[in-house]
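Number of protein chains: 2
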Amino acid sequence: MPLRLDSADRDFEARFSDLLAGKRESSRDVSDAVAAIIADVRSRGDAAVAELTNRYDKAGVTADTLRLDAREIGAAARQVPDNVRAALQVAHDRIRAHHEKQKPQDHVYTDALGVTLGTRWTPVDAVGIYVPGGLASYPSSVLMNAVPAHVAGVSRIAMVVPTPNGEINPAILAAAEIAGITEIYRIGGAQAVAALAYGTASIARVDKVVGPGNAYVATAKRQVFGQVGIDMIAGPSEVLVIADGSANPAWVAADLIAQAEHGAGAQSILVTTDSRLAGAVATEMERQLALLPKQALAREGWEEFGAIITVASLDQAADLANRIASEHVELALDDPQALLPAIRHAGAIFLGHHTPEAIGDYVGGSNHVLPTARSARFASGLGVLDFMKRTSLLGCTPSALSALAEPAVTIAGVEDLDGHGRSISIRLNT
Amino acid sequence: MPLRLDSADRDFEARFSDLLAGKRESSRDVSDAVAAIIADVRSRGDAAVAELTNRYDKAGVTADTLRLDAREIGAAARQVPDNVRAALQVAHDRIRAHHEKQKPQDHVYTDALGVTLGTRWTPVDAVGIYVPGGLASYPSSVLMNAVPAHVAGVSRIAMVVPTPNGEINPAILAAAEIAGITEIYRIGGAQAVAALAYGTASIARVDKVVGPGNAYVATAKRQVFGQVGIDMIAGPSEVLVIADGSANPAWVAADLIAQAEHGAGAQSILVTTDSRLAGAVATEMERQLALLPKQALAREGWEEFGAIITVASLDQAADLANRIASEHVELALDDPQALLPAIRHAGAIFLGHHTPEAIGDYVGGSNHVLPTARSARFASGLGVLDFMKRTSLLGCTPSALSALAEPAVTIAGVEDLDGHGRSISIRLNT
Chain A
1 MPLRLDSADR DFEARFSDLL AGKRESSRDV SDAVAAIIAD VRSRGDAAVA ELTNRYDKAG
61 VTADTLRLDA REIGAAARQV PDNVRAALQV AHDRIRAHHE KQKPQDHVYT DALGVTLGTR
121 WTPVDAVGIY VPGGLASYPS SVLMNAVPAH VAGVSRIAMV VPTPNGEINP AILAAAEIAG
181 ITEIYRIGGA QAVAALAYGT ASIARVDKVV GPGNAYVATA KRQVFGQVGI DMIAGPSEVL
241 VIADGSANPA WVAADLIAQA EHGAGAQSIL VTTDSRLAGA VATEMERQLA LLPKQALARE
301 GWEEFGAIIT VASLDQAADL ANRIASEHVE LALDDPQALL PAIRHAGAIF LGHHTPEAIG
361 DYVGGSNHVL PTARSARFAS GLGVLDFMKR TSLLGCTPSA LSALAEPAVT IAGVEDLDGH
421 GRSISIRLNT
Chain B
1001 MPLRLDSADR DFEARFSDLL AGKRESSRDV SDAVAAIIAD VRSRGDAAVA ELTNRYDKAG
1061 VTADTLRLDA REIGAAARQV PDNVRAALQV AHDRIRAHHE KQKPQDHVYT DALGVTLGTR
1121 WTPVDAVGIY VPGGLASYPS SVLMNAVPAH VAGVSRIAMV VPTPNGEINP AILAAAEIAG
1181 ITEIYRIGGA QAVAALAYGT ASIARVDKVV GPGNAYVATA KRQVFGQVGI DMIAGPSEVL
1241 VIADGSANPA WVAADLIAQA EHGAGAQSIL VTTDSRLAGA VATEMERQLA LLPKQALARE
1301 GWEEFGAIIT VASLDQAADL ANRIASEHVE LALDDPQALL PAIRHAGAIF LGHHTPEAIG
1361 DYVGGSNHVL PTARSARFAS GLGVLDFMKR TSLLGCTPSA LSALAEPAVT IAGVEDLDGH
1421 GRSISIRLNT
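Each protein sequence line maps, in turn, to chains A and B.
Per our numbering, the first sequence starts with residue 1, numbered consecutively.
Per our numbering, the second sequence starts with residue 1001, numbered consecutively.
A couple of the hints might just be wrong.
[Claimed, not checked] No farther apart than 16 Å at their CA atoms in a straight line, the calculated lysine to aspartate or glutamate pairs in the EDC-like style are these:
#, chain 1, residue 1, chain 2, residue 2
1, A, Lys103, B, Asp1106
2, B, Lys1294, A, Asp416
3, B, Lys1101, A, Asp111
4, A, Lys294, B, Glu1415
5, A, Lys294, B, Asp1416
6, A, Lys101, B, Asp1111
[Stated by the list, open to error] In silico negatives: residues of chain B with every beta carbon more than 12 Å from chain A:
#, residue
7, Asp1029
8, Tyr1056
9, Ser1202
10, Ser1246
11, Glu1286
12, Glu1304
Hints listed in this document are in silico derivations from the structure and should not be mistaken for laboratory results.
C-beta atoms are modelled at their ideal positions from N, C-alpha and C, and glycine is treated no differently.
Pulled out of the complex, with its shape left as it was, chain A reads as follows:
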């Protein structure tokens, strides 16, 4: 049974804290194994990558066949039905249109002293996109990672995707084709992350690695961070639905099930001001789970990690939402705008009864790569800014330098950095 809480219960605070602290994934410590794999790839390059790929993925590759050729990509992509290709194209175009609006503006100005100050944005040169193989191999994720990079102006995108037993999901390659990705390697795991970060004879190193993966991939990203940039350490997906009496219990239940069916620790939570809705959603969950072709995963996730929480007010719902800092927050309310300012920590917020979270997974246009495991407290979803970086600009006129010299030299003195002070004062005596 999913957890049922009521904020009026005497032990509510303790039980809610337990819910917050609950771990939803087994965090295997694979750091030593990953460190060894990275060291091996750094020292032996392609040979190590091929060997590890054959060991873990049974992929039957050699150093010469790590990269998919254009013919293979085209042939696989053509296996995808036309309606799927068309749907991916719609998704691509909408994601692209929205992300175009995220492009940042440079800002340079001169202050009253004559100091020019500014921020200039430039794209990262080369990005590696990790695409999982197996269960969570999603063509939509290829678009969500590649499109913002393209919009940012990244000139090279290298994609890696493991092919267990030599098999690859054709829809992944169709999505890559639509996104304009032509550099694709049939590798995965820590060895793929190491190859992207450090480069091999056949795989040029990139500057940033993005995309989700298993414990080996996550640990490898953590270890190569600094050598390259990384996006985030992705955890199990989660949704928080905030609903009042205006919500349709069948729709709310459908959204909770959509999250739970990810399995692997995915969490669905309903917070509602309406105890009748709470009961009706619980009933709907049973009814709809029974209709789902593959119900086991969703049922297991709902029963193990799901929760229905009844609260006294929408303000209280917002407080809980901020403590949960969920990846996805749905406002199943007639007037979602009224509560919006109160929700401060969330990866994405879905407004009103007609915005199921799943629409944002595919074709809404916003990005579905979002901070999980309460990291929305400090992290953001993937976007164009993640594929760019800021350079600050500073320029002094002679008079501006003179005006600023005294405090600068004074601070240099207290920091025991005489050379810093001298680099300023030497310019004043000429």
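For chain A, the structure is supplied; the task is to place chain B on it using the hints.
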């Protein structure tokens, strides 16, 4: 002797690549020791923090005296001479004025289909600032970390600073006072990072940890990443000066020395189109190093890691600059604006002959926390955006949902996520 390279030399490419690949810090692997410290702090809280602080810092603290009280802070800050306080106030005010201009705008719009899309920025709630003790204990860094957090709207800033043998730099506390920081703990190392990330009875956990530190601090930040946000893994500082015949060799030398005096792997590189300038700067380095009160560190850094590179053109200089991706780039040219667009990877760019890098360290207004070790390829200097996060907003009208349903349900099908498709289709049949 520093390295001397000429792009016309036959072996230039190989020697330049060696320079790029050269390691400037000993990367001690302290990950097991750090993991043990973090586990200890998580299980024993304040008692572990106090014990480790006394062991490593000989600080003589108890769990009850980890935090500095207001009287101590005030008394120490009052030891700082008035002119230093005034200089720090100038720095604070200029940093604040510039960072105010970095505040991002929310952007929400409705597209032709009736889909509302948007990006909303909110501040991180609580931030921990790590301030090193000992040699590299800089009051300016307190300002550079605290001011952008305040401007972002962070409501709680907790500062940690180790006090070896119980001693603290009064200027650090004066800077904290000017920056409005009142929550200060006399702790450092991995134990301080662990306390900030996980919290103890006396130290509430934060959402993000920023600031530089030694190998233990850097490794601890890497390990707690995900539990909290972190800024970056800071490496040795570096400057690249691009100069032509218009540059003053004495000024260029002073700037190279200012960087080298940081020691600890700091690197100064001159790239010039003018071989006479190259020679004159080399001569000036000797002359000015001899005048520096504490010349040993700067001389050692210059001789071990410094380089003077002669190139055929400013375009070539820009190419090398992009490969080096330096923390600081000075354009010691009469017309720095002409070369500016060609420099794509740099933490900060200093424009023209009257902008020594040191002015940016203190009072220019831009931030001096910048990406090192070639990470300007993918990372940015610290700014207001680092203390905020984006939430994406998505809202569909009933007709927008209808228009998008078919492609969304199609992609859900190919991803084998029936529940996702049902959460959309269930809304269409009512």
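Subject >> In rising order, the numbers of the hints this structure does not comply with >> reply: Hint check: 7 fails alone, others pass.
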